[in-house]
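Sequences are here, hints too, so could you generate the full structure?
From first to last, the protein sequence lines are chains A and B.
All the letters of the first sequence, read from the start, carry residue numbers 1 to 537 under this note's numbering.
All the letters of the second sequence, read from the start, carry residue numbers 538 to 945 under this note's numbering.
Keep in mind that the hints were calculated from the coordinates and are not lab data.
Note that the structure is predicted; figures quoted are calculated from it, not measured.
All residues carry an ideal CB built from backbone N, CA and C; glycine is no exception.
Pair by pair, the computed Cβ-Cβ distance ranges are:
1. A:Q224 <-> B:Q743: 51 to 59 Å
2. B:H791 <-> A:E276: 55 to 63 Å
3. A:E458 <-> B:G866: 24 to 32 Å
4. B:E939 <-> A:R318: 31 to 39 Å
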Amino acid sequence: MNAQQQLQHLYWRAGFGPRPQDVAAGPSPSKALRQLLHEARAYEPIPSASMAAFQDPMGAVMAVPAGVPTPPPGSMAAGPAAAPPAPASSAQPGTADPASPTPPLAAVDALLPRAMLAPRRQGLPQLRRADLTPEQRKMQNQGIRDAFIGMSTAWMDKMTTSPGQLREKVALFWHGHFACRTRRPDDSLALLNTIREKALGKFPDLLLAVSQEPAMLQFLNNQQNRKEHPNENFAREVMELFTLGRGNYTETDVKEAARAFTGWGYDGQSRFVFRERQHDAGSKTLLGQTGNFGGADALRIIMQQPAASTFLVTKMYRFFVSDVPDPAHIAPLAVAFRKSGYDVSDLLERIFSADWFYEPANTGSLIKSPVALVAGLRRTLNLKVDNDKQLLGYQKALGQTLFMPPNVAGWPGGRAWIDSSSLLLRLQLPSILFKNAEFAVHLKDDENDITPQTTGKERLVKNTETTHLPLGPMQQLLGSAPPEQQPQLLANFLLQAPLRPENLTLVQQAAAKAATPEERMKNTLVSLLSLPEYQLA
Amino acid sequence: MQRRQFIQASALASTLLLVPKFLYAIDRPENRLAARLRDAPGGAAKRLIVVQLGGGNDGLNTLVPYRNDLYYKARPTLALREADGLLPLGDELALHPAMKGLKGLFDQGQVAICNAVGYPNPDRSHFRSMDIWQTGSGSEQLLSTGWLGRYLDSTCAGGAPAYQALEIDDTLSLALKGAQRNGLALKNPGKFHQLTQSRYLNALSQEKGVGAPGSELDYLYKTLAETASSADYLYEKSKIHSSAATYPNTDFGHNLKTTAELITSGVESRVYYLALSGFDTHVRQHEQQGRLLGELSDGLAALAADLQKSNEWNNTLVMVFSEFGRRVGQNASNGTDHGTANNVFLLSGALRKPGLLNQAASLADLDQGDLRYQLDFRSLYASILTDWLGADGQLVLGPGVEKLAGLV
Chain A
1 MNAQQQLQHL YWRAGFGPRP QDVAAGPSPS KALRQLLHEA RAYEPIPSAS
51 MAAFQDPMGA VMAVPAGVPT PPPGSMAAGP AAAPPAPASS AQPGTADPAS
101 PTPPLAAVDA LLPRAMLAPR RQGLPQLRRA DLTPEQRKMQ NQGIRDAFIG
151 MSTAWMDKMT TSPGQLREKV ALFWHGHFAC RTRRPDDSLA LLNTIREKAL
201 GKFPDLLLAV SQEPAMLQFL NNQQNRKEHP NENFAREVME LFTLGRGNYT
251 ETDVKEAARA FTGWGYDGQS RFVFRERQHD AGSKTLLGQT GNFGGADALR
301 IIMQQPAAST FLVTKMYRFF VSDVPDPAHI APLAVAFRKS GYDVSDLLER
351 IFSADWFYEP ANTGSLIKSP VALVAGLRRT LNLKVDNDKQ LLGYQKALGQ
401 TLFMPPNVAG WPGGRAWIDS SSLLLRLQLP SILFKNAEFA VHLKDDENDI
451 TPQTTGKERL VKNTETTHLP LGPMQQLLGS APPEQQPQLL ANFLLQAPLR
501 PENLTLVQQA AAKAATPEER MKNTLVSLLS LPEYQLA
Chain B
538 MQRRQFIQAS ALASTLLLVP KFLYAIDRPE NRLAARLRDA PGGAAKRLIV
588 VQLGGGNDGL NTLVPYRNDL YYKARPTLAL READGLLPLG DELALHPAMK
638 GLKGLFDQGQ VAICNAVGYP NPDRSHFRSM DIWQTGSGSE QLLSTGWLGR
688 YLDSTCAGGA PAYQALEIDD TLSLALKGAQ RNGLALKNPG KFHQLTQSRY
738 LNALSQEKGV GAPGSELDYL YKTLAETASS ADYLYEKSKI HSSAATYPNT
788 DFGHNLKTTA ELITSGVESR VYYLALSGFD THVRQHEQQG RLLGELSDGL
838 AALAADLQKS NEWNNTLVMV FSEFGRRVGQ NASNGTDHGT ANNVFLLSGA
888 LRKPGLLNQA ASLADLDQGD LRYQLDFRSL YASILTDWLG ADGQLVLGPG
938 VEKLAGLV
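Following this line, the structure appears as structure tokens:
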């Protein structure tokens with residue numbers, strides 16, 4: 001493996017792929033790693049493009065525009081449209097400006113920072129979901145869906161353009177690790193921003209912050225965890241999925257930890273609260289230690305278990321290095337991780353600078369997730385996208401929707417991404433995006449609980465020409481190489497697996513069909529990106 | 538998401554009393570039958586069609602307890618009455634007025650109905666509950682493979698082709714994803730074939746032995762080659778027979794027709810998977826559910842007639858399920874909210890025991906306003922896997938899942 005392949009390997013694993021300009025500069029992998037770590041230090045929250053001004057602690061309520069008659073409680077809400085049509089949310093990522101005046105009771109509203117949202121929430125009318133008219137309910141669902149779309153495209157945009165590649169890639173890992181789905185876009189976004197903020201710090205800080213996020217408390221039922229009626233869901237997942245893994249705790253530990261977490265909840269404005277009267281202040285014995293533990297104590301005790309470092313390092317190894325964990329690599333990493341107080345940056349630096357990380361067995365050996373595939377296409381090609389909402393449709397068709405992990409264990413990943421349909425779509429995606437190849441996929445009925453009843457038309461993903469492929473950066477990478485060498489040079493940049501002679505011939509045939517040098521380049525790119533090899537990083 | 542609580546032994550024991558003895562009778566040795574089913578040539582083998590009603594179909598207004606006061610009390614305006622045109626199946630239960638097609642099949646002994654099917658600690662979230670039904674897990678379990686995917690895994694020793702399980706759709710459901718093998722999704726054999734026919738993809742799919750054996754690259758090329766050859770096979774076969782029967786002119790109707798055409802053309806697929814969605818009837822349930830049940834019933838009746846004509850109906854078993862039923866009481870919007878246990882319909886020309894197989898869930902003994910389940914859905918799966926498909930139910934569902942004897 002030459003230096004360029006090593007460098008690209010680093011960019012694929014620590015981020016969403018290399019740009020031609022990254023490779024053209026030709027830094028050593030170690031210098032590039034220092035740069036990646038440096039650039040990842042800055043943190044900015046993701047603004048939400050749009051957010052329904054829905055209300056209520058249980059996620060069951062919406063704000064109703066002023067002047068709209070609300071049905072009396074208990075009435076049959078089947079009448080004609082009571083609410084005006086919901087304005088389509090058209091705000092783009094980055095355009096939400098908290099300072100600009102917005103109509104106070106608009107049905108769909110620019111997202112404000114949580115702190116600013118709180119006082120507004122109090123002033124809005126509260127409605128039970130059951131009391132909504134069908135039209136209001138539809139409007140509410142539409143608002144929620146728009147908000148999730150806005151958040152997803154904003155994050156995808158960060159993955160594609162942010163210099164803080166490492167932060168976004170690690171956040172994607174934690175997003176699957178702390179898998180969580182809610183109906184509340186604001187809570188989901190708050191959880192994501194917490195994860196992004198603390199992604200590269202000390203793991204116990206991340207764990208504590210995530211554990212106090214309303215989205216997680218709601219998803220894992222800790223809101224229902226009270227002294228008299230403990231709910232063990234959160235305590236169990238913390239140990240099974242977040243920190244220790246099965247076999248490293250007992251059923252008694254789950255029960256005792258659940259007692260420690262009693263009283264952890266959130267209030268009507270989605271703020272963490274400790275409800276002291278619901279807390280079991282008695283003595284607990286957790287993982288061999290006894291005391292009047294609270295939730296933070298429980299997390300601290302869990303993180304004292306040696307199993308935690310092995311479990312976490314193994315999971316990160318599978319995401320960043322290889323689906324086949326090598327105990328000879330894991331064991332020393334786990335020791336160092338623990339010694340550092342679970343410093344995630346330190347761990348990643350050790351992984352990305354290890355000799356074995358650049359060995360052939362660990363390069364070009366991971367199947368890209370749908371999010372990594374799409375973000376990678378955009379980043380490595382400097383792609384401009386008019387309608388990035390459409391790209392979410394492809395991600396969904398390929399099996400990965402941000403904020404909607406399949407269950408509490410997150411996306412299984414690896415070969416689970418691939419079946420006949422998803423592979424065909426993956427191989428055709430470049431033609432769809434860059435050559436407007438005909439394509440239409442009916443997504444399945446939204447199986448999430450936000451919009452379970454979308455129409456067939458709403459679920460149809462069709463190609464529309466919305467991408468712009470600039471050829472300049474790629475031409476710069478090629479320099480003055482003659483046309484017959486270009487396919488191989490482009491393959492060296494785009495593929496992490498060697499280009500086989502048969503495929504080189506196929507790519508050359510596709511290139512030869514072109515009438516102009518630009519078209520030749522485009523054909524070469526599309527045919528390289530359509531290879532099974534491109535599915536690997 | 539609530540999981541991990543286990544049903545108390547006493548509660549399970551008491552619900553079992555409501556299940557007729559024949560369903561849990563000790564099974565006679567059927568190893569020979571299983572072997573025969575397994576080894577039968579594709580054409581003669583039995584096949585399964587799974588129909589998934591997405592959104593949580595209201596079982597109480599599908600199979601209506603029309604002589605039960607508690608039903609009418611719980612649903613003052615939503616309840617269906619005899620005057621609405623209910624189709625009685627006996628003294629206690631009647632089909633929704635829109636289900637004339639299914640009623641006809643019932644009268645011919647081609648429908649069996651399992652009541653109060655569910656599982657301990659039901660989950661009321663669509664996605665989680667569908668996950669449970671598609672993976673065949675308990676509510677306390679997380680599985681990343683589907684029950685039909687594991688069926689493919691369990692039969693893959695003989696190198697079963699990818700088209701052994703087909704989903705008539707653009708994307709593949711978790712139900713058909715195994716650890717080793719996946720089913721194959723296609724909406725239309727012609728279009729699917731067309732996709733693999735670009736010169737470029739076609740050339741790629743011919744490449745053999747790419748990447749180290751067992752590597753990810755090897756896996757990708759193998760999947761591509763299988764996809765292309767399956768597309769060829771399905772396209773060529775599907776040209777053999779096109780159905781002249783009339784199906785509902787809806788997406789679901791078209792998918793049923795495609796299914797019947799593939800079967801009649803002699804496609805050697807053992808499993809077909811179809812979905813009909815839109816059953817999440819929180820508001821104005823009447824019109825929406827009526828339309829969907831009509832579509833379901835007309836479609837299934839057309840399918841049965843079509844397959845009867847080609848002598849394939851006796852080899853076919855249809856199972857219709859939904860991820861949950863609705864709550865017993867209606868809500869304030871003339872709809873129903875997410876509930877629990879539900880009925881499952883089985884259809885075939887060769888049912889061992891047609892009719893109503895067990896009592897409906899009690900409306901007098903509710904669990905916080907929800908129906909209590911009597912039959913675990915995994916028992917149905919076990920019976921179908923073992924007695925219909927000739928597979929090893931234990932291998933697919935794990936130990937401890939009891940099959941229902943004499944079901945299929």
